[in-house]
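Input sequences plus hints: build the corresponding full structure.
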Amino acid sequence: MPTTSTRTKRVAIIGGGPAGLMAAEVLGARGVQVDLYDAMPSVGRKFLLAGKGGMNITHSEPYQAFVSRYGARAEQVASWLEGFDAAAVRDWIHGLGVETFVGSSGRVFPTDMKAAPLLRAWLHRLREAGVRFHMRHRWLGWRGDKLLIAAPEGEIEVEADAVVLALGGASWARLGSDGAWVPLLQARSVGVAPLRPANCGFDVDWSEHFSSRHAGEPLITVAVSARGPDGQVVRRQGQFVVTGTGVEGSLIYALSAPLRDQIEVQGSTTIWLDLLPDLAAERVLAEVSRPRGARSMSSHLQSRLGIKGVKSGLLHECLPKQAFADPAALAAAIKHLPLTLRRPRPIDEAISSAGGVRFDALDGQSGMLRALPGVFVAGEMVDWEAPTGGYLLTACFGSARAAANGALAWLDTNGS
Numbered sequence: 054m055p056t057t058s059t060r061t062k063r064v065a066i067i068g069g070g071p072a073g074l075m076a077a078e079v080l081g082a083r084g085v086q087v088d089l090y091d092a093m094p095s096v097g098r099k100f101l102l103a104g105k106g107g108m109n110i111t112h113s114e115p116y117q118a119f120v121s122r123y124g125a126r127a128e129q130v131a132s133w134l135e136g137f138d139a140a141a142v143r144d145w146i147h148g149l150g151v152e153t154f155v156g157s158s159g160r161v162f163p164t165d166m167k168a169a170p171l172l173r174a175w176l177h178r179l180r181e182a183g184v185r186f187h188m189r190h191r192w193l194g195w196r197g198d199k200l201l202i203a204a205p206e207g208e209i210e211v212e213a214d215a216v217v218l219a220l221g222g223a224s225w226a227r228l229g230s231d232g233a234w235v236p237l238l239q240a241r242s243v244g245v246a247p248l249r250p251a252n253c254g255f256d257v258d259w260s261e262h263f264s265s266r267h268a269g270e271p272l273i274t275v276a277v278s279a280r281g282p283d284g285q286v287v288r289r290q291g292q293f294v295v296t297g298t299g300v301e302g303s304l305i306y307a308l309s310a311p312l313r314d315q316i317e318v319q320g321s322t323t324i325w326l327d328l329l330p331d332l333a334a335e336r337v338l339a340e341v342s343r344p345r346g347a348r349s350m351s352s353h354l355q356s357r358l359g360i361k362g363v364k365s366g367l368l369h370e371c372l373p374k375q376a377f378a379d380p381a382a383l384a385a386a387i388k389h390l391p392l393t394l395r396r397p398r399p400i401d402e403a404i405s406s407a408g409g410v411r412f413d414a415l416d417g418q419s420g421m422l423r424a425l426p427g428v429f430v431a432g433e434m435v436d437w438e439a440p441t442g443g444y445l446l447t448a449c450f451g452s453a454r455a456a457a458n459g460a461l462a463w464l465d466t467n468g469s
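Take 54 as the starting number for the sequence shown in the working numbering and just add one per residue.
The set of hints was computed from the structure by calculation and includes no laboratory data.
One should not assume that every hint holds.
To be verified - Think about it this way: if two alpha-carbon atoms lie no more than 16 Å apart in a straight line, the pair counts; the simulated EDC-like pairs of lysine to aspartate or glutamate are:
1) 388 x 335
2) 199 x 212
3) 199 x 214
4) 388 x 340
5) 361 x 340
6) 167 x 181
7) 361 x 270
8) 199 x 210
9) 388 x 331
10) 199 x 88
11) 388 x 327
To be verified - Ranges between beta-carbon positions, derived for each pair:
12) 424 x 205: 29 to 35 Å
13) 141 x 351: 51 to 57 Å
14) 351 x 413: 55 to 61 Å
15) 270 x 334: 21 to 27 Å
All C-beta atoms in this analysis are idealised placements derived from N, C-alpha and C, irrespective of residue type, glycine included.
Here you go:
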């Protein structure tokens, strides 16, 4: 007999990352029978790995500054955050019995800096709400109007009153986010923007001499200048690491979106390094110009300015030999050393990915696919991106709650 009670309805969630788990929480709290399917042996694997260096949950900066971090997608992401912003994320974590603190950078962390206790408490809440977990179940698409899933016992068909897809992007495929969903949705006429690396490193094509000596070395207290998406020069100070092929690290990740976009258009792009951001250009010129006697220029730079190791190596890698005989040119390079980036590192190495289901493929803010009524998408598989710092996770949570609430509304108006 038909009923309007959502308690008899069943929702299938595909994907056991933060977005899938948050959608399961919202739906389970409303009495919906939630079955969550994931291809991996356990849920939250990327969540746990990301937390190994300190579980950055969200950021404490003011709301308008927070929303601006989503760039061209700020308006769309803001619609998610209106229902679940950074303050709400902290309250939610506290409700799981996990305390938080704000670090010196404004980032928010669990007090113990760990992801595992938070995930354990969260899964306990979900199981108490009746959420059923089906691990090693890989979604293969549809067979007719049923979900087709590869289970340990073979292919199975799953019926559901609504579906939430939370399959992530295409970074860290070994943890489950492999982008295999793209052709499945495209085959159903869903518009998908190409997946691209975000928060990624870049190749520089170092010489063998430089790479063999300095790969793995950090550049501490440097500044990077680059052209932003509006063409204006942006300057950031911090640190990054020289790799065997190029550069990576927090300072590079913060600028990676416009750098990636410029490489796609131009074939390469240039950043400028200030190797001594705490010293004025005049002071650097004065020190470089001092008589050095019989000392080599390398020894002179180390003695007068503390330039050695990888910083010295960068100067020799990027400058012609004659520049070391010209104090003005050398001082200018120390404060403004051009470095050409050739290509972003492969998407599977990136912290996150850009691209995904286009917003014009969605029916309003609910995350429902126009081409597939009753199917909702959430998290990183939607076409937005953000820098590290808690912004990724917060938007994944917000989009998942929007999708789950959209599914609840769908169930209310499409009783079976």
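Hints versus structure:
1. Between residue 388 and residue 335 the alpha-carbon distance is near 10 Å, which keeps this suggested pair within the 16 Å criterion.
2. Between residue 199 and residue 212 the CA atoms are separated by roughly 5 Å; this keeps the pair inside 16 Å, and the hint holds.
3. Note on residue 199 and residue 214: the hinted pairing holds, with a Cα-Cα distance of about 10 Å set against a maximum of 16 Å.
4. Taking the CA atoms of residue 388 and residue 340, the gap is about 13 Å. The hint holds against a cut of 16 Å.
5. Distance restraint check for residue 361 and residue 340: the Cα-Cα separation of roughly 15 Å lies within the 16 Å cut-off, and the hinted pair is therefore satisfied.
6. Taking the CA atoms of residue 167 and residue 181, the gap is near 23 Å; set against the 16 Å cutoff, the hint is violated.
7. For the hint linking residue 361 to residue 270, the alpha-carbon distance of about 12 Å falls within 16 Å, and the restraint holds.
8. Of the supplied pair hints, the one linking residue 199 and residue 210 holds, its CA atoms being roughly 6 Å apart against a limit of 16 Å.
9. Restraint check for residue 388 and residue 331: satisfied, since their Cα atoms lie roughly 10 Å apart, inside the 16 Å limit.
10. Taking the CA atoms of residue 199 and residue 88, the gap is near 14 Å; set against the 16 Å cutoff, the hint holds.
11. For the suggested pair residue 388 and residue 327, the alpha carbons sit about 4 Å apart, so the restraint of at most 16 Å is met.
12. Checked against the hint of 29 to 35 Å, the C-beta distance between residue 424 and residue 205 comes to roughly 31 Å, which is consistent with it.
13. For the hinted restraint 51 to 57 Å between residue 141 and residue 351, the CB-CB distance of approximately 54 Å keeps it satisfied.
14. About 56 Å separates the C-beta atoms of residue 351 and residue 413, a value consistent with the hinted range of 55 to 61 Å.
15. Here the CB-CB span from residue 270 to residue 334 is close to 25 Å, well matched to the stated 21 to 27 Å.
The structure does not agree with numbered hint 6 stated previously, though it agrees with all others.
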